[in-house]
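Student: One letter stands for each residue in the lines below.
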Amino acid sequence: MILSLKNTFAQIGDATLFAKRFFKEVFVPPYEAKEFLKQCYIIGYKSLPLVAITGFIMGLVLTLQSRPTLVKFGAESWLPGMVALSLIREIAPVITALICAGKISSGIGAELGSMKVTEQIDAMEVSAINPYNYLVVTRILACTLMVPLLVIFADAVGIVGGYAGINIHGDVNFYRYLTQIIQSLEFSDLIPATVKTFFFGYFIGMIGCYKGFNAANGTESVGRAANSAVVTASLSIFIIDMVAVQLTDLIYLK
Amino acid sequence: MIKEEKNIEPKSKDKKKTPIIVIKDLHKTFGKDNTVLKGVSLTVNKGEDLVILGRSGSGKSVTIKCIVGLIVPDKGEIKVFDEDLLALSKDELNKMRVKIGFLFQSGALYDSMSVRENLAFTLRAHKRDLTEEEVEKEVLEALESVGLGDAIEKMPAELSGGMRKRIGLARTLILKPEIILYDEPTTGLDTITSREISELILDIKNKQKTSSIIITHDMACAKLTADRIMVLKDGVIHAEGTYEELEKDEDEWVRSFFE
Numbered sequence: 001m002i003l004s005l006k007n008t009f010a011q012i013g014d015a016t017l018f019a020k021r022f023f024k025e026v027f028v029p030p031y032e033a034k035e036f037l038k039q040c041y042i043i044g045y046k047s048l049p050l051v052a053i054t055g056f057i058m059g060l061v062l063t064l065q066s067r068p069t070l071v072k073f074g075a076e077s078w079l080p081g082m083v084a085l086s087l088i089r090e091i092a093p094v095i096t097a098l099i100c101a102g103k104i105s106s107g108i109g110a111e112l113g114s115m116k117v118t119e120q121i122d123a124m125e126v127s128a129i130n131p132y133n134y135l136v137v138t139r140i141l142a143c144t145l146m147v148p149l150l151v152i153f154a155d156a157v158g159i160v161g162g163y164a165g166i167n168i169h170g171d172v173n174f175y176r177y178l179t180q181i182i183q184s185l186e187f188s189d190l191i192p193a194t195v196k197t198f199f200f201g202y203f204i205g206m207i208g209c210y211k212g213f214n215a216a217n218g219t220e221s222v223g224r225a226a227n228s229a230v231v232t233a234s235l236s237i238f239i240i241d242m243v244a245v246q247l248t249d250l251i252y253l254k
Numbered sequence: 001m002i003k004e005e006k007n008i009e010p011k012s013k014d015k016k017k018t019p020i021i022v023i024k025d026l027h028k029t030f031g032k033d034n035t036v037l038k039g040v041s042l043t044v045n046k047g048e049d050l051v052i053l054g055r056s057g058s059g060k061s062v063t064i065k066c067i068v069g070l071i072v073p074d075k076g077e078i079k080v081f082d083e084d085l086l087a088l089s090k091d092e093l094n095k096m097r098v099k100i101g102f103l104f105q106s107g108a109l110y111d112s113m114s115v116r117e118n119l120a121f122t123l124r125a126h127k128r129d130l131t132e133e134e135v136e137k138e139v140l141e142a143l144e145s146v147g148l149g150d151a152i153e154k155m156p157a158e159l160s161g162g163m164r165k166r167i168g169l170a171r172t173l174i175l176k177p178e179i180i181l182y183d184e185p186t187t188g189l190d191t192i193t194s195r196e197i198s199e200l201i202l203d204i205k206n207k208q209k210t211s212s213i214i215i216t217h218d219m220a221c222a223k224l225t226a227d228r229i230m231v232l233k234d235g236v237i238h239a240e241g242t243y244e245e246l247e248k249d250e251d252e253w254v255r256s257f258f259e
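Quick mapping for you: the protein sequence lines, in order, are chains G and X. Just so we're aligned: 147 in the numbering used here is position 147 of the first sequence, and the numbers increase by one with no gaps anywhere. Just so we're aligned: 9 in the numbering used here is position 9 of the second sequence, and the numbers increase by one with no gaps anywhere.
Check each hint, because a few of them may be wrong.
Claimed, not checked - In silico lysine to aspartate or glutamate, EDC-like type, Cα no more than 20 angstroms apart, as pairs: (1) G:K46 x G:E35; (2) X:K207 x X:D190; (3) X:K24 x X:E240; (4) X:K176 x G:D122; (5) X:K176 x G:E32; (6) X:K209 x X:E199; (7) X:K223 x X:E199; (8) X:K90 x G:E125; (9) G:K34 x X:E136; (10) X:K127 x G:E35; (11) X:K127 x G:E32; (12) X:K209 x X:E250; (13) X:K95 x G:E125; (14) G:K38 x X:E117; (15) X:K95 x G:E35; (16) X:K95 x X:D111; (17) G:K34 x X:D91; (18) X:K99 x G:D122; (19) X:K223 x X:E259; (20) X:K65 x G:D122; (21) G:K24 x X:D91; (22) X:K205 x X:D234.
Simulated from the structure, these hints should not be mistaken for laboratory data. Predicted model, so just to flag it, every value in this text is computed and none were measured.
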């Protein structure tokens, strides 16, 4: 028990140093622009279909689930605003980040883990190539920039899903639907929700890289690295979200 | 030919030669009590191929990984080109690593890159001012030196074990190292491919005038490539000599490698 607690603290300390190293190495040349763009393509572009489907379903289901209650109170006209607020402030960032934790963090963990096990990272090291700069910095940076874009995309698709949900039971013009949404939104809804997604992205990338980079020897550890990356990244998303909501609440306290 | 455990002096006939790797009293323990190296000392002279023999877990790979700084020893001294490796800064160590090639047991090719990219990536990392044509020329030259010029478009997954090792060697050679460390270059290969790899090692030594340390269990490879053989037992150098000398050694344990 004490040993396991000690190991946990040691791992947290190690991960903190690993995370801190990113801010030092990101400014150190060579800048691996080609690898960074490749990672943006893999993390961002290749996740679009998954994010689009889940975003659409989120909007649709949220609308269908909320409608009966609002109808009961005669507040059906609030539905577009409520769906948009829920999506933009909470549901789209968290669900998209969780999807990215499952797809991206595990992918990075498995990729770097297998590179570690098959001595590819050591091969870079002995060729005097900085593997942290080439593999870790590019992936964390790509995640940090792509996850917010994916969340914005999920917001948009979710709103379209909400429109589809509303039109199952009624007939609302899309222009009117959008006008209602824009009228109910403020910058204080958009900015904190977007800012926190940069942290989601950073932690998704960092945890995937950390788990992969520190995989033990043996193929079994690749699966363990991928699994551990998903679990830790998902947990970190909820913790960041909780902190972000508390901070937002303090800043925008009325 | 049994050596004293701490004997570090090169044999008398090597005294005129220039030592380029000198290791003294190297110790390494993993975890609390897994002591792998218990005072390894060796010297590699310029232009020499030193073969290290030993059973699995005797510390052969750990020794050569210490030479490239992949593993930091607990105690001891490593001098390469007369520079204390353990006292070098990260940048200085990287400059030194360019002079030391390392062939991993599996070849350690970058799976996500084609053969061309594997070599070009390594080259560009050190020579950023090269044009695309110059990179292509050097890549082809390195591949042809291992007899695999036609594999340039292939992905590592499409290569056989022997080809992966050759490409790994080409990737090492593209930086024109003065020392090459081979970690079990023929392990997992059939007899004919093993012989081809051993001949390639010899060919590289003759053409590029490199010095090498070759870790192997393959006695045919050792016979063909070794100028000198060291036998590692329980983390120390147990015996040293030429292939012919060790083949007739009085020590049964040493002789067992040759049977």
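Student: Out of the numbered hints, which ones does the structure contradict?
Tutor: Violated: hints 2, 5, 12, 15, 16, 17 and 22.
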